[in-house]
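Colleague: As given, the protein sequences belong to chains A and B, one line each in that order. Residues in the first sequence are numbered consecutively from 7, following my numbering. Residues in the second sequence are numbered consecutively from -15, following my numbering.
Among the clues, some could well be false.
[Stated by the list, open to error] So the derived label-pair ranges between C-beta atoms look like this:
1. A:Val377 <-> B:Asp677: 42 to 48 Å
2. A:Met429 <-> B:Val303: 25 to 31 Å
3. B:Ser356 <-> A:Phe437: 53 to 59 Å
4. A:Ser102 <-> B:Leu650: 49 to 55 Å
5. A:Glu386 <-> B:Asp677: 29 to 35 Å
6. A:Lys373 <-> B:Val222: 56 to 62 Å
7. A:Lys364 <-> B:Asn601: 42 to 48 Å
8. B:Ala534 <-> A:Asn320: 53 to 59 Å
9. B:Asp677 <-> A:Leu223: 54 to 60 Å
10. A:Leu223 <-> B:Lys703: 56 to 62 Å
11. A:Lys373 <-> B:Thr603: 23 to 29 Å
12. A:Val377 <-> B:His547: 51 to 57 Å
13. B:Ser317 <-> A:Val377: 23 to 29 Å
Keep in mind that the hints were calculated from the coordinates and are not lab data. C-beta atoms are modelled at their ideal positions from N, C-alpha and C, and glycine is treated no differently.
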Amino acid sequence: MGKLWVISIASIFILLPFLGNAFSPESPTDRRVLVLLDDSAIKSSHSIYFNSLKSRGFDLEFKLADDPKIALQRYGQYLYDALVLFCPSVERFGGSIDLAAILDFVDSGRDLIIAADSSASDLIREVGIECGVDFDEDPSAMVIDHIGYAVSETEGDHTLIASDDLIKSDVILGSKRIEAPILFRGIGHSLNPANNLVLKVLSASPSAYSANPKSKLSTPPSLTGSAISLVSIVQARNNARILITGSLSMFSNKFFRSGVQKAGEKTKHEKSGNEQFLTEISKWVFHERGHLKTVNVKHHKVGETDEPALYRINDELEYSVEIYEWSGKSWDPYVANDVQVQFYMMSPYVLKTMSHNKKGLYSTSFKVPDVYGVFQFKVEYQKLGYTSLSLSKQIPVRPYRHNEYERFIPAAYPYYGAAFSMMAGFFVFSFVHLYSK
Amino acid sequence: MAAPETSTAAVPTLHTNNTLRNAFGGVLSFFILLLIGVLAFLIRLFSVIKYESVIHEFDPYFNYRVTQFLTKKGIYDFWNWFDDRTWYPLGRVIGGTVYPGLTLTAGTIWWLLNSLNIPLSVETVCVFTAPIFSAFASWATYLLTKEVKGVGAGLTAATLLAMVPSYISRSVAGSYDNEAVAIFALIFTFSLYIKTLNTGSLFYATLNSIVYFYMVCSWGGYTFIINLIPMHVLLCIVTGRYSSRLYIAYAPLVVLGTLLAALVPVVGFNAVMTSEHFASFLVFIIIHVVAFVYYIKGILSPKMFKVAVTLVVSVGLAVCCAVIAVLIALVASSPTKGWSGRSLSLLDPTYASKYIPIIASVSEHQPPTWPSYFMDINVLAFLVPSGIIACFLPLTDASSFVVLYIATSVYFSGVMVRLMLVLAPAACITSGIALSEAFDVLTRSIKFQLPGVSSGAEVDEGETSSDTTEARNDEVKAEKPEEKSKDRPSKKSKKKEREHVEKPSAKAKVKTKAEKKRLLALPLEASAVSLLLLILLGAFYVVHCVWAAAEAYSAPSIVLTSHTRNGLHVFDDFREAYAWLRHNTDVDDKVASWWDYGYQTTAMANRTVIVDNNTWNNTHIATVGTAMSSPEKAAWEIFHSLDVKYVLVVFGGLIGYPSDDINKFLWMVRIGGGVFPHIKEPDYLRDGQYRIDSQATPTMLNCLMYKLSYYRFVETDGKAYDRVRRTEIGKKYFKLTHFEEVFTTHHWMVRIYKLKPPKNRIRGKTKKSKSKTSSTSSSKRSGTKKNPWL
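Extracted from the complex, chain B is given alone in its bound form (with noise of 0.2 Å):
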């Protein structure tokens, strides 16, 4: 796609010009890497113009309202925000425990717009936020691939990501979440890392710690940063690749990037005290012995060298031994072995579902289906394997990177599919390689027999562009022993003169490799059917990715269509039920409902909530899911113990709505039955069997959550069927004692209940039926009687 472009498109003179070659080159894929951000941020737009420019889902809603409270109140208000609006009455310290690199990107955005007299509201901001950054994070990818195999997979590779739809699920217009951002900052940093490992430049490596620092501030998915590239360095130490521009990439990125980190308040000293950072830690050591050692290497004689090694190995075992044992022992003293429950669970795939069953329940935290890999990266996941195989021919540092941060992105993406998102950029990156080697094999294949063009020169073309890194590392290397003996110069001189060493040897290694590939050449009609083949494979992708993009991907989940016969109808049943909450309760009622729209509740309707999408207090989330899955009597103790006046249900059995809270029942359940044990999950099954149908417990008809979702059901169509678990349910007239409804939307997705105030005064114990026999005032009173909870 754009390899084969930069590499054809020049002049075939080849020594007079090969610098306006050059230019040309740098010119073109200025504008195609131009066109790739325009394409990165376009595609993102199916969802703006399918529905509006309204924020998505359910996290972003929190970082808008985040957003909004930064722009209104300045950074240190930001800072120092306690918010007493959520997790009614705990709140929630939301500077010290939010990701802060999102928000203070789009405020910025949002600030540098208003300064400019571009009056753009924050929500609009947020909205275009994810787009931009995709841009941003295709030019990444560019400069990342670059280094790693030249500017012609470079290309391929930003092209790639830029419609790769893993990463457009989480960057649609509206899209506004942590990771939007993050995984520019990721590549970003990886890009800047093999830059510096490439140069050896100081320069880089600061900025990388920079980058990582934004990383930081974004996401929690840093910790993959931090691991892996410790994980990077060990390999190259082992496989005897140790070079001092290795040492420059790593040494700073640890300690700057260590500090920077713990400047992030909610990262805090965690930079430092938790195991997922201590891989860095160690590494570290082991970088700077292997450093020592070299040096001590090329002082001493070679014999003494032998004694001092085995001097400082019998010392330095036993020390070793010791603060190791201590380090186990002082993780080993801490419950989770200093690892977060979220990190175990990447790890030892099962544990959450067997100890945390908060983080079970968010569907994007389960593994992925083998169909989920196909949909999200497509014809990447074959393509793959390939670029691994080119990543190997030959093997620089910069290539192991990617050899090694596809396989750990792999294993991760098949923990959890949110972490396809990392799985994303480094198949794009090694399917950028491997689209781009191909084509440049077949494109030089069918120049190489192509008649009346002269061979030598067009093999020399070909290979230049491909083949710049590959000479740059050999050079490196070759350099290497030179670098000892140099009298340090400055770097500027350093680098012209390093350049000027590369060219003649590099021009030598090209000839003979020029006769080599002449040997290797396909015949021409393989090579055309081929071409054609990966075009057709690189078409049915943008295909794919366009389908992806416009259908699967773009709906904001707040607002629902279906299309039917009758033509387009559209769910709008979420904002009606904020939008009522807002209007027609007091401002400082509590709204309680299932964790999952607590950020909604928040920030659409401004009421406050009992729990939310941020769920760090388990208890909490436990004692709602307890009285959801409690008789009415209890569940109004419960809720009228928080002071909680509404209660809000998701049902989606009038539309088939698969995503609502009778579905997701069973966890409430099982966070419920975790802290409070006399909620038990068999008690709502039916052999084995979760069901809502006349065969279902009496537990389960007489919870909560069954009573909201269905009072007054059966009048929808007189037969009370549920289209969600396609079923007629199994109690279908019942009243509430301690509940009534007051708002139900349209479609019936969003049921919205009152607690009803205790009884002003108690009745006597007699019973009603007693006094039946005697008069009409009995009678006449069933028909006047109010409720008697009113």
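The following block holds chain A by itself, in its conformation from the complex (with noise of 0.2 Å):
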């Protein structure tokens, strides 16, 4: 009966995932970010890309990978809300880091940037594994696409692709379109298509395949064609963000600046993709994009403010919820035509997709199924790009009390007349029988 607060502790359990993220919203400016390299010089080499994001508001510490002093936590805290690793070479990290440290950082909701290369360490290949990514297996393999290929002066062997299919989400990639294809040398990886985590942002086309460059290729390659992702991302369930890109030079200034032409195309662009790219789905990783927040659900009959512990069949009840999108800087209200509420016993036995007024407030009406057991409101919002809303309150729906049905059911008056014309016929019937004589 009085289960209100229980009921309401339960749904900030429900929520907790999404206060207690490392992203912040209090202090989402001054996140911190640990960036390990394998060499120093990278540093310099891909400054446009730091310095892009240090422009941003993020605190950058670069470590290399194999510094005895690195830790991604001390006294159970961790340090950093972010890690980025440009370290395709490492084969075992420094300090107290390994590959735990990284996946439970990723589990306690932190964001993760891998870039491998081409000869990419185990280590690294094991963290992909880990996120759901499968590097080729082949140490020195490369993709290589003799038609997509980035026309230049020096190489021959085409592992230098422009490629441009990109994801179509304006979450993940901005809502500029990115004119220039994306330059592109690494390693390839493919994504289980059962795991639905994983998205593919850009991936080769359909003349790419992935095999050492050196050596004549005597098998067929295991990757090939559109199958091979050249950068994935994965949001994991707690939303925690990862990029994984099987290319580190993609982030370097020399790709950066470079002006890019794809083979058999007439267009040269004065400049790569890469920048507009890498920087777009950085902000995405780093939830300045498509992270959503609910706040106020609230619920209540029609007409009454309060919310009752318990709902009858058949009651008339509203239904409402905010929800607000993190621009980088404040929370606005999240704004889309397609966000839907269950009522829902083992099955959605209402399912309506909620109205809104632009200010965030969704929110819909809509009647008690006539079935009583223990219902839950449920909110559950994945849509591409954007965090998973799973929102779940328990309520009980109880059938009508035993003074809720109606009195006189004009239907039955025949029924009426005939049990009191029988009780008075037995009475009249009673008294004539004793005293006549």
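Two chains, two separate frames, one set of hints: put the complex together.
Modeller: See the structure below:
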């Protein structure tokens, strides 16, 4: 009966993963990022990318991957909110970092960027596998595309690829279209199609394959065509975000600056799409886009304001929830026409699209089905690129009380008449029978 | 036992001291009854003394929880109670699906005591409800038997009932179940029926309906009453014993009783719509027809009557055929022919095991074995036949009822162990009659042959007590034709008058009988020896009953004890586990277990359960059964879809507790397979044998129940020897992938597992072994790597 507080506590627990994330809505700007490098030269050779991060307010800390002093956490507290692994060849991290530490880091809701390369170490491959990405097992393989390569003066092995096969999602890549192809040189990877957490952002063209460019192709390559993913993103169930790419050099100043012309195409772009692509996607990885939060989940009977402990069948109720998206600076109302609420007991009894007031308040009203039981208000909102919202709030629905049924049913008047006339008749009969002599 | 005392305790001066003697006898029987009540109460306290004042077993916990709700929230909230903590997510409308009699009784007692400023807890009241009502039940037995065969037989029967083991098994202190009050209501209804039958009083008829209403409130076994009484009425009509008393005893019961029964929410329209009640309506029609025929017969001349009969019969037959055809068509159109599963399994004992595994799986729904008769009614089993014979000497309306009662209840007890409980009162009544008659005969023969006692007076005395009912029945019959001519006198005067008429005729009868009995007297030695033997038999019964009450039926089953050489061991694992759940889990967490433990989990741990002992939804139970018989992953998915957080299994292999989940497991498979056909019983059996050792089938060794029961079991003794199945288990070392152990009680009797949450990430498909060749990192990680499911 008085389970209101129970339900509200339960809903808080459900919301906790969102509130307790490393991505803290209160102070999102001074986010600390640890960048692990193979070679301190990368710091300068990839400086444009790092500077773009810094200019967005990130606090980057550069360490060599085998630095014996590095650690992700101290006294049980994480020191960083995100980790960038620009160390494809590291065999073993220094300090207290190992594979398990990185995975725990991700499982605590923190973000990760991995850049592998051809001849990526087993450790980096392991990290990729644990995140759901399988790099080509051949250590010397690279992605080769004899048709979609980037035209350049020096090279003839077509490992420098100009790809423009991007995922179509404004949330992930920003609303501005990326015009120029993206330069890529490195190792390809494949994804398990059954894995719904990982997304192919940049895939290779159908003519690409993964092989060692130096040796002659003796057996058919294991990875071919657009099954090869060049850049992938993972959004874990706790909304930790991971970016995985097989090319460290695509972050480099050289690739950022260089012009690009795709083989067989006339147009030569002054500047490759790398900078725009990687900047935009880093915004996604660092939760500056596509991060939703829900607040003020409310439900009540039509005409009332207090949340009841339970509903009765056939009650009219209103359900509302506020959804906001993080814009990088503030929480803005999230506007979409496809947020649905379910009234769910083993299967949805009511499934309704909620209307919104453009200020983030989504609401709907519906009639409780004529079925009693323990229902849940469920909002399962999973949209490409957005954090998945999964709210559920338990609410029992009871049948009518004994005095909530109709007192007199018109259809039964003949029966009432029969009963009363019977009583009267019996009385008269008894009277006559007893006292007539 | 009691009978000879009353009959011999009288003063042998016949006419002057008759009233004094009656008064003395009355006071004596009052005190004997009081002592019987005390005996009935005290013999049931062994459980409290040996264990503690605690609610027993499974169903009583539910009743206790309901009573708590009633005392807290009041009767209207109880009536409308929708319980969202059981049968998640379906919930259960408690108010409309529970027999409220027991709860209301205990609630009323609690309320009374509290308003008298006696602050007893609800639990205490619940614990002691059953013993109190067994005292009532023995008094009701006294009333019933007294109506049949006199005070002596009544007292004997009451004494027997006070300690009959079968009834003790269901009414020890703490066994707070419907039967505790229902048996009292059952006997009391019968006794009022007999009383009405003997007196023809409308007052008792009305009282009978009210007590019948209480019975309907208390127990589903009320259908036994509403079938047995019509059977008896029919028997009376067929044997030509129709009388206006029979009509008064029956017609108000059907009308008022049915109306009242329909008021109980759980019965409702069932009182007029299910086949269980049709017999009473049919007999109701028949008795009216018969009454009408008698009336017509009185009015018409014999010749006219014959004509009328042929006319009516020919027309009536045609109408009857039509009506019966319609009725049969209606009934046959429903799939179960209008009978509920439990009732069908009463009529056809193989019905349940053929079609409803959920009914067959309950041990108390199994047919009993022969030893259980000896255990539960002991020497009564031998006394019953002689009691039946005694009922036929002479056969009255009342004694024919007793014969019918014992005959039907013997049949029903043969179908279902649980219905031994209905047999027990019948056996007590007939045995009481038998014992009392035997004592009567024997003491009379002794007295008759003892020198120095005036024999005539002696016989007379012995007679009056035992023959009163006989005599009464005789006169009543004699008086019947008179009644017709009487000018409707008021009830009281009529009664007096009748008594007046009775006396002389009775006296005359007694005299002639005394002459007859004189010849029937047994030799002195023979009677003394048989008296001694009968007392020995009674003593044996008492010893057995006390033993049964103390040892066999007092265990509360939530606390177990065992005696070994090292002394007494107490296994309090159930409460340990429930306390753990109560203190360590979230209040809205759902706990899945086999349905046996549902009531206890909701009552003791206060956690939501998926299924419980009220087995109303077979599909839901089958879902849990399927999960238990599936491999881990499939089970995890089933449980996850039901929002289950914890899984509880009961495991007896370490200490040898036989009624654990592994022993019940085949029922889970059967019930699960009944709804979800991919679960097949033969997959779990090796050559038709159920085994868990190395010969067990892979399906068995991989199912969830096996894994949850035997997880880490090998760590206890290094061999994983199961003491219940007396074998080493088949698969000793395995890991759980989708569940984690969170709590195991001290003796491993209850094990609680938590469902792991879904993986945060999904691994790629590359095998881990691939990277073996490479680096230190992989060897390092195997040491530090946590469970991938965390």
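Colleague: Flag every earlier hint the structure violates by its number, smallest first.
Modeller: Failing hint: just 5.
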